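Since chain U is already given, all that's left is putting chain L on it; use the hints.
Protein chains in written order, with the working numbering: chain U, 1 to 352; chain L, 1 to 264.
Just so you know, not all the hints are guaranteed correct.
Stated by the list, open to error - The calculated lysine-lysine pairs, modelled on DSS-like cross-linking and capped at a C-alpha distance of 27 Å, are: (1) L/K68 with U/K65; (2) U/K223 with U/K63; (3) U/K63 with L/K68; (4) L/K16 with L/K68; (5) U/K223 with U/K65; (6) U/K63 with U/K228.
No lab work stands behind these hints: they were computed from the structure.
These figures come from a predicted structure and were not determined experimentally.
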Amino acid sequence: MSAPSPYAGLHPRAYWRTGVTERAEGDLGELYQPRFPVTREMRIMTAGSCFAQHVGRALRRAKFKVIDTEPVERHIPDAVAERFGYRQYSARYGNLYTSRQLRQLLAESLGRLSPALPVWRRGERFFDAQRPGVEPEGHATEDLVLAHRAAHLACVREAVRQADLFVFTFGLTEAWVHAETGTVYPTAPGTIAGAFDPEVFAFHNFTVTDVLADFEAARRRLKRINPKMRFLVTVSPVPLTATATGRHVEVATCYSKAVLRAACGMLVDRHDDVDYFPSFEIITSQSAGGRFYEDNLRSVTAEGVATAMGTFLGAHGVDAEAPPPAPEGRRRSSTSAEEVACEEALLEAFSR
Amino acid sequence: MTRVAVVGDSHVGAIKLGWDRLAARHPELKIEFFAAPGSHFNRISMFEPFKFGLPAESDSGTGARLDKLNGRRWIDLARADVVVLVGRDGGFMAAASLLADHDVDGLPEGRSRRLSHAAFDTFCDAIAEQSVPGGPWRGWGRPRLFLLPRTRPAENLLRFRPKVMELRAWRRLARTPGKLGAGLALYRDRLEPQLAAAGIGLLDQPAASLSDNGLTREDMTRGSLRIDGDDGHSEADATHANAEYGALFWDTYAPRLAHARQPA
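Only chain U is shown next, with the shape it has when bound in the complex:
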């Protein structure tokens, strides 16, 4: 007698029909089952690509203890503080789009690495090449950039020391590196500051192996500081603004996200202290029919963010705020989503 199919009698979530097709609108079912609880007692460090700003914001609003080692006076409105990189993450490092950036930042903060060409110029002003967006007008001198960076790195160390849970949103695989040393930068030189020189800078598209190795190196470093630290990883559902691969941007996006998603899956399989939250799947799901994207089909709507984060909070037993209603007569909201600072979006300007 032959055994029944291994697909017989599985949980309804295992089948597309019951797990997706027949699920009620707005019901994400059991898309996310936490591996470990995230509680309000945990001190949470957040980092990653621009979508990670939404994650930190939602956690703060839900009264989780999100670490901020570079706080700014409470009377400063969020939009003003965020223009200078405050209140975005647990320290003022700006967006960390790649796991190589994360690995590099941690190594630098612990004095194990000095990035090449740390100061970039634009006109008479000087910028921190590793976070050029946090000072929109740059600094008056190169020395000031370095002094601010040294102070910032102390805050990164402090954030790491405090963290019980490290939340990281993987954003991109494409990056620009210093050809000789491998130093990676968050933006292409010449986008915000600096000048592009093909003899000095090279394009790099990280592979699954690279992404995995970089995050595991970062994880090892963090575990040495706090052996009990846990990790929550996500993949940003925001597509690439532009690709330097020569492929169509949609094809390049799919490749990047596939690499990042595969790396997250492998991290979860390899390490009990790593959990994955499917914000990427929630926003891009066929069941959402694209409604979680704004008119540019790239930015995530406030409703999308609220749905994703509501799912996360609900799974951890915390009530989330109701998502804001979509404006009347429009399928997609382009006005209600809170702005996130995203240097990568500046590449859009180069398409005109």
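Below, chain L alone, put in the same frame as chain U:
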């Protein structure tokens, strides 16, 4: 004769006591006071253009306090040539907190986190924007409106650990008076144009009332009286000025206010 209305919260007390001492010296000024202590001040408003307080028919504890303190529930500011709004902090508390937590590029340093000058200026603008009195107080023309922010905390702050977190920032700042002075001067220079755009003049705390550490001199607060009685504030009170300060205010600003009836 210039008619001046001085309105505000408990900080009006010092200004009134100072005027009681000096009124005879300034026949060119006719002063009216209208005040409500803190929690009650927050419940009164400009219920009609230039009518500030509570409508006469209102029935509330605040109305009774206004009656007791002022003999009336509202004041018609339109009858004045000049109005001085007293007691708002003008954003100096928030600016002080910002300064206490950060070392701003180009200013004397303490041992705080770094803040770029551009960020400091932008943050000061944001604080100032929130500190300009709201709609009913803007764009008057006549009467001329001036804002007199409450005094900086006083030196006794250094002897008594304040319960209010924001006052602790001043304690820290007093250790680096160069930073305090230069930083608040920068904030003041961001606030004044925003007030001016709303038609409001800024009356700075008279420099002679400040000590070397940048806080208010203790002799300008010692023995300050509560506005709603003859009792004094506690010895640890660092926020209310006394009659000495009020007299200094009039010595400093009486000529300016007397001439303020003319168009700016």
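Satisfaction of hint between L/K68 and L/K16, Cα-Cα up to 27 Å: Between L/K16 and L/K68 the Cα gap is close to 16 Å, so the pair holds against 27 Å.
Restraint check for U/K223 with U/K65, where alpha carbons must lie at most 27 Å apart: Cα-Cα ~20 Å, so holds.
Distance restraint between U/K63 and U/K228, which requires alpha-carbon spacing of 27 Å or less: Given that 27 Å is the threshold and the Cα spacing comes to 22 Å, the pair holds.
Hinted pair U/K63 and L/K68, Cα distance within 27 Å: Not satisfied, since the Cα-Cα distance of roughly 44 Å exceeds 27 Å.
L/K68 paired with U/K65 [C-alpha distance capped at 27 Å]: Violated, because 48 Å separates the two Cα atoms, which is more than 27 Å.
Given pair status - U/K63, U/K223, alpha carbons within 27 Å: holds, 25 Å
In summary, the structure is inconsistent with hints 1 and 3 from the numbered list given earlier, while agreeing with the others.
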